[in-house]
Amino acid sequence: MAEYFAMSGYAAHVWSSFALTLALLVLNIVWARRSLRSARAEARRRFEMEKVS
Amino acid sequence: MSWAWFHRFGSAPYFYRVAGRLTPWFAWPAGILIAIGLYGALVVAPPDYQQSETVRIMYVHVPTAWLSLMTYSWMAVAAAVGLIWRIKVAHAVAAACAPAGATFTAVALASGMIWGQPTWGTWWAWEPRVIFELVLLLFFLGYLGLRGAIDDPTRADRTSAVLAIVGIVNVPIIHYSVEWWNTLHQPASILKSGGPSMPWVMLWPLLVMWLGFTCYFFVIMLTRARAEVLRRERGGSWVRNLLSQDGVAGSA
Numbered sequence: 512m513a514e515y516f517a518m519s520g521y522a523a524h525v526w527s528s529f530a531l532t533l534a535l536l537v538l539n540i541v542w543a544r545r546s547l548r549s550a551r552a553e554a555r556r557r558f559e560m561e562k563v564s
Numbered sequence: 236m237s238w239a240w241f242h243r244f245g246s247a248p249y250f251y252r253v254a255g256r257l258t259p260w261f262a263w264p265a266g267i268l269i270a271i272g273l274y275g276a277l278v279v280a281p282p283d284y285q286q287s288e289t290v291r292i293m294y295v296h297v298p299t300a301w302l303s304l305m306t307y308s309w310m311a312v313a314a315a316v317g318l319i320w321r322i323k324v325a326h327a328v329a330a331a332c333a334p335a336g337a338t339f340t341a342v343a344l345a346s347g348m349i350w351g352q353p354t355w356g357t358w359w360a361w362e363p364r365v366i367f368e369l370v371l372l373l374f375f376l377g378y379l380g381l382r383g384a385i386d387d388p389t390r391a392d393r394t395s396a397v398l399a400i401v402g403i404v405n406v407p408i409i410h411y412s413v414e415w416w417n418t419l420h421q422p423a424s425i426l427k428s429g430g431p432s433m434p435w436v437m438l439w440p441l442l443v444m445w446l447g448f449t450c451y452f453f454v455i456m457l458t459r460a461r462a463e464v465l466r467r468e469r470g471g472s473w474v475r476n477l478l479s480q481d482g483v484a485g486s487a
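These protein sequence lines are chains R and A, in that order. Whatever position you read off the first sequence (first residue = 1), add 511 for this note's numbering. Whatever position you read off the second sequence (first residue = 1), add 235 for this note's numbering.
These are calculated hints, taken from the structure and not from any lab test. Keep in mind that a hint or two might mislead.
[Said to hold, decoys possible] Facing chain R, a subset of chain A residues (Cβ under 7 Å, in silico):
hint	residue
1	ARG291
2	THR299
3	VAL342
4	PRO353
5	ILE400
[To be verified] Quick list of the computed label-pair ranges, beta carbon to beta carbon:
hint	chain 1	residue 1	chain 2	residue 2	range
6	R	GLU559	A	PRO431	28 to 38 Å
7	R	ALA513	A	ARG393	50 to 60 Å
8	A	GLY383	R	LEU533	20 to 30 Å
Ideal placement from N, C-alpha and C gives every residue a C-beta, glycine not left out.
From just these sequences and the hints, can you work out the full model?
Below you can see the structure in the form of structure tokens.
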């Protein structure tokens with residue numbers, strides 16, 4: 512197992528590129544969902560303000 | 236051929252609803268395919284006889300680079316559709332591609348650097364494919380900067396669309412750069428005449444990753460495009476109906 516993780520001496524290269532790419536995929540999901548949520552909240556605020564005035 | 240579907244997608248409420256329904260149909264395959272692809276890349280595929288274990292970086296670098304090109308192509312085509320037919324939803328799709336596309340391009344460059352260090356002996360080489368991928372990043376950033384600098388949304392859409400369309404010439408240049416110039420970068424291994432040059436056991440994890448990343452693109456694009464459509468239409472009556480339907484809690 513330790514031998515596998517060592518990637519014949521290229522552990523830093525292999526694992527950092529995989530970690531970086533997975534972080535990219537996860538973060539873009541988080542950002543996209545956050546953007547949709549904030550757009551909804553913005554629209555709702557506008558809607559509520561119109562109701563008051 | 237009937238163009239009814241085309242016009243229906245141009246309608247903001249229809250697009251918002253259908254995009255929301257489609258998203259899980261891309262999200263599940265994306266998750267499953269990427270998980271299988273990772274297993275294939277890290278466990279099944281053997282080390283390369285020349286590159287040893289560093290060849291595994293290919294399984295994240297190539298799909299990410301593909302993702303950056305696909306995102307740009309969608310952005311440019313959507314921008315052109317928006318400009319020619321004056322469809323607001325198309326401009327929203329174009330605007331949705333840019334922020335994600337910039338991060339895809341940056342990470343494709345970064346994983347390329349990590350792969351380049353052991354295989355080329357240097358982190359950074361000024362060679363054609365690297366330079367044009369860097370140009371792609373500049374186009375994404377330029378597009379975002381331009382949009383941010385123009386207050387009027389319609390003018391921002393139209394001006395940034397022109398920039399997106401101009402930048403599309405870069406996409407085939409990146410694709411063919413390894414054929415046109417004799418460079419450090421590896422030539423194509425999959426899309427080439429005579430079929431792929433890799434044994435099947437190394438090829439299938441790459442194909443599965445590629446398919447997974449393609450599905451993933453649609454998850455991001457559809458989610459962000461819905462947010463863009465909502466921002467543009469927030470005063471519209473359909474948005475009001477939508478918000479009153481899901482009450483205070485509100486779900487995505």
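A quick look at each hint next to the structure:
{"no.": "1", "hint": "ARG291", "verdict": "5 Å, holds"}
{"no.": "2", "hint": "THR299", "verdict": "6 Å, holds"}
{"no.": "3", "hint": "VAL342", "verdict": "5 Å, holds"}
{"no.": "4", "hint": "PRO353", "verdict": "6 Å, holds"}
{"no.": "5", "hint": "ILE400", "verdict": "24 Å, violated"}
{"no.": "6", "hint": "R:GLU559 to A:PRO431: 28 to 38 Å", "verdict": "57 Å, violated"}
{"no.": "7", "hint": "R:ALA513 to A:ARG393: 50 to 60 Å", "verdict": "58 Å, holds"}
{"no.": "8", "hint": "A:GLY383 to R:LEU533: 20 to 30 Å", "verdict": "29 Å, holds"}
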